[in-house]
Amino acid sequence: MPTPDSRRIIHLDMDAFYASVEILDNPALRGLPVVVGGDSNRGVVCAASYEARKFGVHSALPILTARKLCPQGVFLPVRMARYQEISRRIMEIFLRFTPLVEPLSLDEAFLDVTASQSLMGTAEDIAKQIRKLVRETIGLTVSAGVAASKLVAKIASDLNKPDGLTIVPPGQEELFLAPLPIGRLWGVGRTTREALALIGVKTIGDLSRMPPAILIAKFGKAGLMLHESARGIDHRPVESRQETKSIGHEETFAEDLRDKKRLEQELLALCCKVGKRVRDKGLVGKTVTIKVKYRDFVQVTRSLTLAEPVADDTSLYQTGRMLLAKTEITLRPIRLLGISLANLSPAEASGQLSLFDDNRARRRKDSLYRALDAINDRYGKDAILPATLVDG
Amino acid sequence: MSLIFNISRDDFLTGLASLQNVTGKKGNIAILSNILIESKTDSLLLTATDLEIGIRNSLPAEILSPGSITLPAKKLFEIVRESGADQIHVEIMENNWAKITADSTDYKLAGMPSEEYPAFPEYDENNLVALASDRIKDLIDKTIFSVAPEGESQFNLTGVLVEKDVADGKNMLRMVSSDGHRLSLCETNVDNDLSGLKMEKIILIPRKGMQEIRKFTENSAEIKISFEEKQAVIKTDHSIIVVRLMNGDFPDYKNIINMIKKEKCIELKRVQFMNSMKKMNLFTEDRYNAVQFQIKPGKLVLSSQSMDVGSAKDEIAITYDEAPLKLGFNGKYFIETMQVMSSETIKAYINSEESPCMIQGDDDPGFASIIMPMKI
Numbered sequence: 001m002p003t004p005d006s007r008r009i010i011h012l013d014m015d016a017f018y019a020s021v022e023i024l025d026n027p028a029l030r031g032l033p034v035v036v037g038g039d040s041n042r043g044v045v046c047a048a049s050y051e052a053r054k055f056g057v058h059s060a061l062p063i064l065t066a067r068k069l070c071p072q073g074v075f076l077p078v079r080m081a082r083y084q085e086i087s088r089r090i091m092e093i094f095l096r097f098t099p100l101v102e103p104l105s106l107d108e109a110f111l112d113v114t115a116s117q118s119l120m121g122t123a124e125d126i127a128k129q130i131r132k133l134v135r136e137t138i139g140l141t142v143s144a145g146v147a148a149s150k151l152v153a154k155i156a157s158d159l160n161k162p163d164g165l166t167i168v169p170p171g172q173e174e175l176f177l178a179p180l181p182i183g184r185l186w187g188v189g190r191t192t193r194e195a196l197a198l199i200g201v202k203t204i205g206d207l208s209r210m211p212p213a214i215l216i217a218k219f220g221k222a223g224l225m226l227h228e229s230a231r232g233i234d235h236r237p238v239e240s241r242q243e244t245k246s247i248g249h250e251e252t253f254a255e256d257l258r259d260k261k262r263l264e265q266e267l268l269a270l271c272c273k274v275g276k277r278v279r280d281k282g283l284v285g286k287t288v289t290i291k292v293k294y295r296d297f298v299q300v301t302r303s304l305t306l307a308e309p310v311a312d313d314t315s316l317y318q319t320g321r322m323l324l325a326k327t328e329i330t331l332r333p334i335r336l337l338g339i340s341l342a343n344l345s346p347a348e349a350s351g352q353l354s355l356f357d358d359n360r361a362r363r364r365k366d367s368l369y370r371a372l373d374a375i376n377d378r379y380g381k382d383a384i385l386p387a388t389l390v391d392g
Numbered sequence: 001m002s003l004i005f006n007i008s009r010d011d012f013l014t015g016l017a018s019l020q021n022v023t024g025k026k027g028n029i030a031i032l033s034n035i036l037i038e039s040k041t042d043s044l045l046l047t048a049t050d051l052e053i054g055i056r057n058s059l060p061a062e063i064l065s066p067g068s069i070t071l072p073a074k075k076l077f078e079i080v081r082e083s084g085a086d087q088i089h090v091e092i093m094e095n096n097w098a099k100i101t102a103d104s105t106d107y108k109l110a111g112m113p114s115e116e117y118p119a120f121p122e123y124d125e126n127n128l129v130a131l132a133s134d135r136i137k138d139l140i141d142k143t144i145f146s147v148a149p150e151g152e153s154q155f156n157l158t159g160v161l162v163e164k165d166v167a168d169g170k171n172m173l174r175m176v177s178s179d180g181h182r183l184s185l186c187e188t189n190v191d192n193d194l195s196g197l198k199m200e201k202i203i204l205i206p207r208k209g210m211q212e213i214r215k216f217t218e219n220s221a222e223i224k225i226s227f228e229e230k231q232a233v234i235k236t237d238h239s240i241i242v243v244r245l246m247n248g249d250f251p252d253y254k255n256i257i258n259m260i261k262k263e264k265c266i267e268l269k270r271v272q273f274m275n276s277m278k279k280m281n282l283f284t285e286d287r288y289n290a291v292q293f294q295i296k297p298g299k300l301v302l303s304s305q306s307m308d309v310g311s312a313k314d315e316i317a318i319t320y321d322e323a324p325l326k327l328g329f330n331g332k333y334f335i336e337t338m339q340v341m342s343s344e345t346i347k348a349y350i351n352s353e354e355s356p357c358m359i360q361g362d363d364d365p366g367f368a369s370i371i372m373p374m375k376i
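So the sequences go chain by chain: A and B.
Position 51 of the first sequence, counting from 1, maps to 51 under my numbering, and the rest follow consecutively.
Position 137 of the second sequence, counting from 1, maps to 137 under my numbering, and the rest follow consecutively.
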């Protein structure tokens, strides 16, 4: 590990991305409080323009609450395809400066420009050029943070939003972080914040002065990470291609559901989507997780790791249904249901046969799903469906 | 009055060492990294628990003043281990501080009040059945190695199944474990009457609990066992361990054993075969350890290859005159089975590329190891 960190990393974060794209496409909206997030009242806010944020509207807020906070707001549906298109163009600009681009989402990315500096100028110059290019060619503003690590770069980009540029010179990381509240650190949520407040730690500077032994005693391994984070130490590399960790789908219902049969149907539909995507990627997975959000927005997950990895809709559905039974289904209305498969590995990697599975049945199942997928690929995704999902 | 005692350094060290594995689990309640020390008339009771496993030892000690305290398990163990003294003197002072004197060295160790320590699980003394330790130890050794790693939960494969049975009028105790790819089963005759041993529900003991029980079998010729609603209790003269049982099912292993046809069999010298497998294992891919078995008339050819490193091949003479077979196995599974067996010659029943292989040995009565092949 190179210590001290001599890398130069830029974190780029589009300002109120979805809302800004909407304003870009409809300039009449400029200066108005724009809220993106579903046209019904059931979803949550995906993005809010800075004008809307003044009313206390922020992402993940239920749309209904946002409407109450900001009645004069312009509420728009999510146009994911359009955001993806703009995002692709932005990432292409990033890639002109370094191949080491790690997108975190459509509107955020880390760039490692350490090696680009001899050709393209200092990291600061590169950040300035990128901001200029995005503004001129796309018409949107992007905030940037430049530092020696991902951790510090991300905190920096957030500091002077919107349309800001924050440079943390090498060696100044600890000084830069010291006055900031600990909540800015990655992984410090409410619980950790409260626990730290008890021992008098409020700023990142307070945290860096805490003897590591105390943090380790209190938080275990995470304590060591806290100590390092507070001093700006983060050796995680910028990874240009990310491995898929899990594949999932979720659905917010038009009205809250409490009928078990309906929920199981929805679950089956989700399983078909997840299964198809997992198989398309040539993967199998062992851990099935379902996510249930009740009417009051309380969210629970239930998860099970199977003895053998699976990729078929039926196994997903059987496991998912069992997990669903472990939630308060039928007792509490459910507004959102999701299922995902994690612990992924390439299909057929081991060839190790199982004692308790019928291996021949498994292979028959594999070829069945290959056929089903081929038919659905050719004739549309709903060409063959489970009977319970056929309308009428 | 607060606790003051003298204790032999060696007794103290043994008592503390046996508790180390069940204390101080990360992310746990702080007091659980302490051990509870309580005085009896002329002995000390040491207790540790991680809430899954509880262990209590009774040690001879000179009690100068009765009382109780909890002290950090690891630190106390280290103090006693580093000490060269014959005797160790411990005195509890104000605010739960312990003053420990060993030869010329004085230590002050911060404790916590004993009232905060969780109560030791209750159990019924009358349910205990005495069994020979070496039998139990053998059962554990021959099954624990194939327990599934944590995180697999379709069945409860992360523990060892314990059953009792009566065959030919003899009392039998059986343990079974599996990780889904292989299964180990061992049963043994016990001289004692097992009718007092209550085993109505499925008895599944988690791996870590089984490891601790195994240690008990080493220290005493006889151990007493009982199974209660939620826990297994194992007792020796001076120690007791209570392990919380796992909830749930174990797969139908009997069905698998019944399905194995014992038609094609090869006999192998156990040590020679094990050593050969170890050599093959040098060239397997890390995760799956695939070793190819070519069974031909008169010989078994073992081979392995690793894409980046190279390959290995070995031949063992066998008696076999049926149709040749070519199949793959995880080499590690065979090595681990050979390691727990003691027969000079082992029998491997191999039927087809896709059916389970069963391994037994004349000097390993009651033992069977079943290994599923790999597709190659």
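Hints were generated in silico from the structure; no laboratory data involved.
Small disclaimer: the values here were computed from a predicted structure and weren't measured.
Check the hints yourself; a few may be wrong.
Going by beta-carbon spacing under 7 Å, a handful of chain B positions derived as facing chain A [to be verified]:
1) Ala85
2) Met112
3) Pro113
4) Gly180
5) His181
6) Leu183
7) Ile257
8) Lys375
We treat Cβ as the ideally placed atom computed from N, Cα and C, and that holds for glycine.
Which of the listed hints are broken here?
1, 2, 3 and 7
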